[in-house]
Amino acid sequence: MSRSFPKSFSSRPRLPLSLWADRGAGTLFLISTLVLVALIFSLIGFLAWRGAGAFIALPGNTDRVLSLREVFLGLDWSPTQDRFGVLPFIFGSFTVVGLSIALAGPLGVLTAVFVTQIAPRWMRAVMRQAMDLLVGIPSVVYGIFGLATLLPFLGDRWLDGQPSAGFLASALILTVMIVPTIVSLSMDAFEALPRSLDEGARALGSTTWQSIASVLIPAAWPRLVTAVVLGMGRAIGEAMAIQMVIGNNPQWISLMRDLTDRTPLLRFLFTPASTLTTELVQELPNTAAHSAWNNVLFALGLLLYLLTMGSILLTRRLSRRRA
Amino acid sequence: MKKLDLRPRLSARIMDGAMKVALWAVALGFIAALLVVMGAILKQGWPVLNWGFLSKMPETLDAGGGVRPQLFNSIYLVALSLAGSLPIGIGAGIYMAEYAKEGRLTGFFRLCVETLSATPSIVLALFGLMVFVQALDWSFSIRSGACALAMLNIPILTRVTELSLRGVPQEMKEASYGLGATKLQTILRVLLPAAAPGLLTGTVLAAGRAFGESAVLVFTAGTNTSMTYPDFSLKAPGETLAVHLWYVVSDGTLPDAREIAAGTAAVMVLVLLVMNIVVRLLDRRLKRHAR
Amino acid sequence: MPDSILIEPVMEAPLHPTDRARLRAENLRVAYGPKEVLKGVSLDIPANQVTAIIGPSGCGKSTFLKCFNRIHELSGPAKVTGRIELDGRDLMAMREVELRRRVGMVFQKPNPFPKSIYDNVAFGPRLFGVRGRSDLDGAVEDGLRKAALWDEVKDRLADSAQGLSGGQQQRLCIARALAVQPEVLLMDEPCSALDPIATARIEELLFDLKRELTIVIVTHNMQQAARASDRTAFLWLGELVEEGPTETIFTNPGKPMTEDYITGRFG
Ligand SMILES: Nc1ncnc2c1ncn2[C@@H]1O[C@H](COP(=O)(O)OP(=O)(O)OP(=O)(O)O)[C@@H](O)[C@H]1O
Ligand SMILES: [Mg+2]
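Residue numbers (the numbering used here), protein chains in the order written: chain A, 1 to 323; chain B, 1001 to 1291; chain C, 2001 to 2267.
These are computed hints drawn from the structure, not numbers from a lab.
Be aware that a few hints might be false.
Derived BS3-like pairs (lysine-lysine); straight-line CA-CA distance at most 27 Å [claimed, not checked]:
hint: 1; chain 1: C; residue 1: K2115; chain 2: B; residue 2: K1020
hint: 2; chain 1: B; residue 1: K1056; chain 2: B; residue 2: K1043
hint: 3; chain 1: C; residue 1: K2154; chain 2: B; residue 2: K1003
hint: 4; chain 1: C; residue 1: K2210; chain 2: B; residue 2: K1003
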């Protein structure tokens, strides 16, 4: 039977060669992917190892082993006096992120509603490009804006010129930083809705707002929540900009108690404070590797990492429910 | 059938009008706020911005320093990190778009990409400090910074590559296979050129993000610059513009720290603006070309 | 009754004998930008009958239909001249919310809201301030019964509307439109996404519904037009070629072009 094969079939040397190249390339692409996977695992591994060093006696440790309780339930952060309570930073992070989401979530979603449903059509493209540009502005730029413009403004407005670093300034800066992300993703959410939904609602006699409030927003809801959660993820991890405007005071809880000449609201908004991220920026360079102080900072890094992982898993869940 | 009273409600009309006004107000206020922020940043930096600022060496104690080495380091680091991350990012993107079969494993790879791209930069900074600076003993140097930055870029590039490859029309792929091309030939000759606009945008996006990154670099490339200029040594300390901005205000020894920071901020915003415009023009051109 | 302050004063429509035209278009022209889609169409649509509109793709059937509840205004600015009337009143001068309540519409693709079956049908009454549980329940049951869907869904009103089949979804959309007690129902190819059985059910519905409503239906299906309609209008390139009782149009059309189209010898 071999005679019946066309002669050229067996004498084409290029075919096997390109097949080999094909296979080799596939392997290379796979290796790239595996490098990526290895990176993420070494990241988790190293963080876990160094973070665990705070609580478990590991070779190389130079200090005593801490208990989970004294670290994660402790309110006093005085590393030089062997006190390592990180609760103030956790509170700080949650406060700043909570405030900024409370501002940026509604602002971003409503702006997207406006741009996609009410504004003249040309505004969509303009808005999208503006948001793209803003997402790319570096955090230190927002930081210097906060330091040079926002803090003096807030101080003059509410504190008779006293320093105004604290939660409010941080939350405002964070809001400016994450709103573009939320606007852009929310616009996607509304544009992904079929036109027939709005038409259906309007054909029954809905006003524009009735259609938006009772059909479009509910239909886009899972994606809107995803947009806000992604913004939140960004807010949790932000370090430099906040570090420049929050005042960096690990003892903020007791200071807030002491500032009795202010109203409670002003105390809350304008006491110099700290968060998980700002503490890392602030103290990491000052610590010796493998000291308890250093290890606790790595544990904070691990905690941050877990928080962002949590927000990712949350968005995945939401998008699965959507599908 | 019960006849219902179904006449238009005045309340609905009032609500509609009020919400439209409110939405206009929110959006215009938002746009105004953004303009104020951008305006303030540029206005503060404007007086400092001149050729001398860009071309002078920085001062350590006196006023009037420039940012020449920082500008160099920023560009050098971005280039090095891209050189390291482009092959891995694009390779992984190609694998996920064209090779991986839809399933558990791909889902896992995608989760890894997502996780890495959402990792806070301060966490990457911790990692870079621990691994590149301390464990490998590279100290605060260009090479530590470039490796850490590459980790930041890889997931962005991977995702962009995967998305742009998936965006290529299926018919183009089938036509190529129909002509007897192998998978590699199809990828190189058909898919990548067709996905080029997306890849380019993604690369510029990654470059822009690396250019503005500060947290990672403070702890890997360091807050000093080399004594010589230009210093291409990978072992030299590599303070960038973004790090410089942050460092001068937190350190506070320079009498004109605020001015220098404001000037640096304006430089960075202008660079990013130009990058944005260039990529938009290129994108339009490539797309026209493809048609 | 304090709620009455919240109700806008509306001029009551004049009473009318049923044989008078419910809807009327007079020299209706519609242009999207430079493109004129309807070029002076005049048509009377009588009450309590089913009027079918037929014609080749792109001839302006949907545009014509949409003018009667002004839903075309949603998809960008269109220039409309001529006169359109509902019960003798100029439709362009009416408030659109009121107009759309009275002139309902069913679309080509079923478009239930991503809500429960109940909430879909109750959506319309709620818009107009109906809040009472029994009123809403009544409206929902009434709408679903008229759309011949009640028996199939009465035990799962709280389920998502998206779990229904295509034919059920389309009947749900009809129920949703009926729940605001409209006087006219506009249907734009309501069966084009449905199988023959679902189509037959909707055609049966038309017979029942026209006792209370005026129906205008756009269709590409000649048999459907012949079976289900009382009058037929044939549009071609934005112009009305011929219109009359369905029987006449189908058995003895006045123009050769109509005959060619109906018999499929067109083009
Ligand atoms: N919003 C719009 N903007 C611009 N042109 C439009 C718009 N809507 C419709 N047209 C144009 O008007 C013409 C008539 O459209 P229409 O939808 O009324 O046709 P049709 O008879 O319903 O066709 P089909 O049978 O395919 O549904 C088409 O050429 C269409 O391109
Ligand atoms: Mg149509």
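Against the structure, the hints come out as follows:
{"no.": "1", "hint": "C:K2115 - B:K1020", "verdict": "holds (25 Å)"}
{"no.": "2", "hint": "B:K1056 - B:K1043", "verdict": "holds (21 Å)"}
{"no.": "3", "hint": "C:K2154 - B:K1003", "verdict": "holds (22 Å)"}
{"no.": "4", "hint": "C:K2210 - B:K1003", "verdict": "holds (18 Å)"}
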